[in-house]
Structures are given as structure tokens and as C-alpha cells.
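K.L.:
Chain by chain, the residues run as shown.
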Amino acid sequence: MPSVSRAALAIAGKDIAIEWRTKTAIISGLVFAILVLAILYFSRDPTAVSDLDIAPGTLWVTFTFAAMLGLNRAFLLERERRAMDGLLLTPAPRSAIFWGKFLGNLVFVGTIEAVSLPLFVLFYNVPVWNRLPQLILVIAMATIAFVAVGTLLSAMVVRTRHAELMLPLLLLPFLVPPLVGGVQLTASLLNNRPLSEVWGWLKLIGAFDIAFVTVAALLFEVILDE
Amino acid sequence: MTSAPASTPPADLVLSARDISRRFGYRRVLNTVSLELYRGQVLLLVGANGAGKTTLLRVLAGLLRPSQGTVTHSAAVGLVAHDAMLYDALSAYENLAFFQRLHGGKDPARIRALLDQVGLADRADDRVGTFSRGMVQRVAIARALLAEPTLLLLDEPLTGLDERTTRIVLDVLTGLRDAGTAMMVVSHQPTDFLGVATHIARISKGGLTVPEPFTTASTTAPLTYDGA
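So the protein sequences, as listed, match chains A and B.
Each step along the first sequence adds one to the number in my numbering, with nothing skipped, and position 168 is 168.
If you want my numbering, it's the 1-based position in the second sequence plus 1000.
These aren't lab readings, by the way, just hints derived from the structure by calculation.
Each hint should be verified, as a subset may be incorrect.
[Said to hold, decoys possible] DEER-style ranges, computed between Cβ atoms: (1) Gly1105/B - Lys23/A: 26 to 34 angstroms; (2) Ser43/A - Ser1067/B: 25 to 33 angstroms; (3) Asp85/A - Gly1104/B: 15 to 23 angstroms; (4) Gly200/A - Asp1125/B: 38 to 46 angstroms; (5) Ser1067/B - Ala140/A: 24 to 32 angstroms.
[What the hints assert, rightly or not] Subject to a maximum C-alpha distance of 25 angstroms in a straight line, what follows is the list of computed SDA-like cross-link-like pairs (lysine to any residue): (6) Lys23/A - Arg1127/B; (7) Lys1106/B - Pro91/A; (8) Lys1106/B - Arg193/A; (9) Lys1106/B - Ala17/A; (10) Lys23/A - Phe1131/B; (11) Lys23/A - Ala1124/B; (12) Lys23/A - Ala1097/B; (13) Lys23/A - Asp1125/B; (14) Lys1106/B - Leu103/A; (15) Lys1106/B - Leu35/A; (16) Lys23/A - Thr1130/B; (17) Lys23/A - Gln1117/B; (18) Lys1106/B - Met1/A; (19) Lys1106/B - Leu132/A; (20) Lys1106/B - Glu1094/B; (21) Lys1106/B - Leu135/A; (22) Lys23/A - Leu106/A; (23) Lys1106/B - Ser5/A; (24) Lys1106/B - Val183/A.
[Claimed, not checked] Just a few of them, taken from the derived set where beta-carbon distance is under 10 angstroms, the chain A residues facing chain B: (25) Gly13; (26) Ala17; (27) Ile18; (28) Glu19; (29) Thr22; (30) Ala48; (31) Leu77; (32) Glu80; (33) Ala83; (34) Asp85; (35) Gly86; (36) Leu132.
Beta carbons: idealized from backbone N, C-alpha and C, even for Gly.
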């Protein structure tokens, strides 16, 4: 029997290889991200609201909805030709399926964020370079919470008839705390304010990371059994 | 099988199912099914649509929990189902390599040998999405054999296959039987399995008849029975 880590890496590697070849989710995610950034940029009134005020919200709206397009795909892959049954027939620990999908989704969402962030800087001309490591830390922390709960919920809804519609409906309420935290922290960083001002938000996102990852990993096997 | 040959030693028992029932909501799909399979036995399972054949296979494979009863296997189980359980975007080789890793192995030679066994050695690096139904079915059989199962469960393995592919699949199954693999095959065409199956049982309304030896005469008997 393979270890959880080996099986999870195999599953994540398989998902990434398939996405690399088909490019269906990544292209739709990136096109969506560019469209959102462009539309929100051209629809703003710079004389009424400064770029620095609307940029954090724009960034997180872009990340959230672009990434959601890919989270659904992780388990839709397993629905084609009932490949999930093939996974369940192997002696690999069932928790490895969660961790494999979680890792694959992290790579997918991370790629969208890595491409969207420079475009965001380009559009909004915001001063991120001197606070880039901190900004990346905030994005990574919020993304972990987002992807953990997204992976769990996409496994739940994949067998429903309208999986693509169900995921955002179920996922968005869970995302409110980490997303609000991400927006607050990003605003603080872009305005060059000290992180100590929003230290509470950072701790909150950290707590959500731990809670979401733990609960998602524990509930995943229950969902598979159902 | 419940009618296992008296000469078969218990050590050769591969599958034992005791009083399995399975419900979906209020609908009982399997009704106290008991079954034993020994090494080298090939049980052909026939029955009308909706009789419970596929559900029985999924319970025996461990993909569905029985509502009642127990299933025990002596070793690894392979399943060839309606759906191939493969990824279209990966090649035949990559699919098998992936599932082999999940079985804890890494043996390229074994994958090549399996693809050769099912007659797909020359298409190993082509994507499964470009394959015909028969080729996909052969990759599915290779996937099911990755862990060298002592019990192989097959659900309509010949559906949609042409004559040549049917022959290849039947040759593979015959070779496995002779090597001691126990099999349970669901089919609507018993005549296809003359020379391969050793026993036949009928399933109707979730109930299973006692398996009996499979002969030419078996192929003319009705596919269903009313004893459930």
C-alpha cells in the first residue's frame, strides 16, 4: 500500500498533467481573471474613488471567481468514465485523494494568481514591489483556506446534476471570513501601513487555514462513503 | 460458490459473501445473496436488466457497502465495469502507470507486458481519448490486472467489441482462469463464454440461484428465474 504522501503526489501530478494537456480550466480561469480586472478598471471613476481604495477588493474578487472555475474541474475529471471508482479500488488511503486534489488545486489557483497579480499591478499601478513578500504571504494564506473548503465541497457536489452551479452557492458563505481578511490585509499592505494594524486579520486567516484544512481532510472520507 | 466442488480445498477460497442485502432507500436491490468463489472458477452471472447484477459486482468489489451481510476476499480484487475508469487525456501507458503507483508499485516492464497481453503494445503512448470502445475496454482490463488480482469481476466485458477484440479478451480471460484467477462475469450473452465460464447463476429481483456447472445446455436455459 502506498503512503498517503506518495499517493497524494501521484494524484496531484496526474491532475496537473491532464490540465497541462487540455488547458481547459486554466485558460478559462485566466481569461476570466483578465476580463474582471479590465472591466472593473474601466468601469471605475478615478475622480471619485482612488485606485488604492478599490484595488484590494478587485484583486480578491478576481482570484475568487477565477479559481472557482477550476475547483469544479478537479472532481469532474474523476466523473468521466467513473475514474473515481478506479481510485477507490486501489489500496491507496482515501485521505490521499483529498490531499492530492488539494495540492493539484493549490497549483491551479496559484498559477492563476501568479499570472493575475502582475496584470493587477499593471492595471491599477499599485505599489506592491516593496511589500511583495508580505502580499504573497497573505495571498497564500487566504488561498489555502479557500482551496481546502473548495476541494471538500467540489467532492460533495460533483455527483449532483448542477455541480457547476452548486459549488459557488455552497462555497461563497464559507469564504467570507478569509476573503474579508485578505482584502483588509491587502489594503493595509498597498497603503504601506504596518501589518501590526491588521495583525488580528492575519491570525484569523491562519486560524481558518488550520480549521478548514483539518475539517476538510476529516470530512472527506465521510463524503466518499456517502 | 455455494456449490463449490468437494475436492476444492478451503485454502483456495477467494471470495466469500454471506447474506448480502443492499437497499437504495426503500428499494431492496440485493436480497440475502450468499456466494463463494474458488481459485480458477469462472461464474457467469445472468439476469434481466435491473435484476441487481451490477449492484452485486459493486458490493463484491467494495465500491458499495452492503446494507446487511459480509464480503471477504482473500487478496486483491480487479474490476472491469461498464465505465473504463480511465483518463482520456492520458496515454494507455500513463493511465496504467498512475494506477500502478496507487497500488504502491513502479514497474514499467509489467505495464508493457500487460499492454502486450491485451494487444495494445503498439498504442501504449496514444491517448485513451483517441481509442475505440474495444481498445478502451482492453486498457480497462489491463488496469484491472495491474495488482495481479486473484479475483476479477467483469461487468459486460464484451459489450460493443468486434469479433477480433472479443477473441483477444476471451483469450486473456481463459489464460487468467488457467492461471488460477477466480472470475465473476456479468453478461447477457452466455454463449460468448462457452469454454471460459465454469459455472452459471441467475439473478432476479436481487436473489441469486445456486450456481451450477456451465455447459452448452446452460446457454439455452432462460436468463432469469422466478425464485427470488
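K.L.:
Compare the structure with each hint and give your call.
P.N.:
Here is what the structure says about each hint:
no., hint, result
1, Gly1105/B - Lys23/A: 26 to 34 angstroms, "holds, 30 angstroms"
2, Ser43/A - Ser1067/B: 25 to 33 angstroms, "violated, 57 angstroms"
3, Asp85/A - Gly1104/B: 15 to 23 angstroms, "holds, 19 angstroms"
4, Gly200/A - Asp1125/B: 38 to 46 angstroms, "violated, 55 angstroms"
5, Ser1067/B - Ala140/A: 24 to 32 angstroms, "violated, 45 angstroms"
6, Lys23/A - Arg1127/B, "holds, 16 angstroms"
7, Lys1106/B - Pro91/A, "holds, 15 angstroms"
8, Lys1106/B - Arg193/A, "violated, 53 angstroms"
9, Lys1106/B - Ala17/A, "holds, 18 angstroms"
10, Lys23/A - Phe1131/B, "holds, 21 angstroms"
11, Lys23/A - Ala1124/B, "holds, 23 angstroms"
12, Lys23/A - Ala1097/B, "holds, 22 angstroms"
13, Lys23/A - Asp1125/B, "holds, 20 angstroms"
14, Lys1106/B - Leu103/A, "holds, 22 angstroms"
15, Lys1106/B - Leu35/A, "violated, 44 angstroms"
16, Lys23/A - Thr1130/B, "holds, 18 angstroms"
17, Lys23/A - Gln1117/B, "violated, 33 angstroms"
18, Lys1106/B - Met1/A, "holds, 12 angstroms"
19, Lys1106/B - Leu132/A, "violated, 41 angstroms"
20, Lys1106/B - Glu1094/B, "holds, 12 angstroms"
21, Lys1106/B - Leu135/A, "violated, 41 angstroms"
22, Lys23/A - Leu106/A, "holds, 16 angstroms"
23, Lys1106/B - Ser5/A, "holds, 15 angstroms"
24, Lys1106/B - Val183/A, "violated, 45 angstroms"
25, Gly13, "holds, 8 angstroms"
26, Ala17, "holds, 7 angstroms"
27, Ile18, "holds, 4 angstroms"
28, Glu19, "holds, 9 angstroms"
29, Thr22, "holds, 5 angstroms"
30, Ala48, "violated, 48 angstroms"
31, Leu77, "holds, 7 angstroms"
32, Glu80, "holds, 7 angstroms"
33, Ala83, "holds, 5 angstroms"
34, Asp85, "holds, 5 angstroms"
35, Gly86, "holds, 3 angstroms"
36, Leu132, "violated, 35 angstroms"
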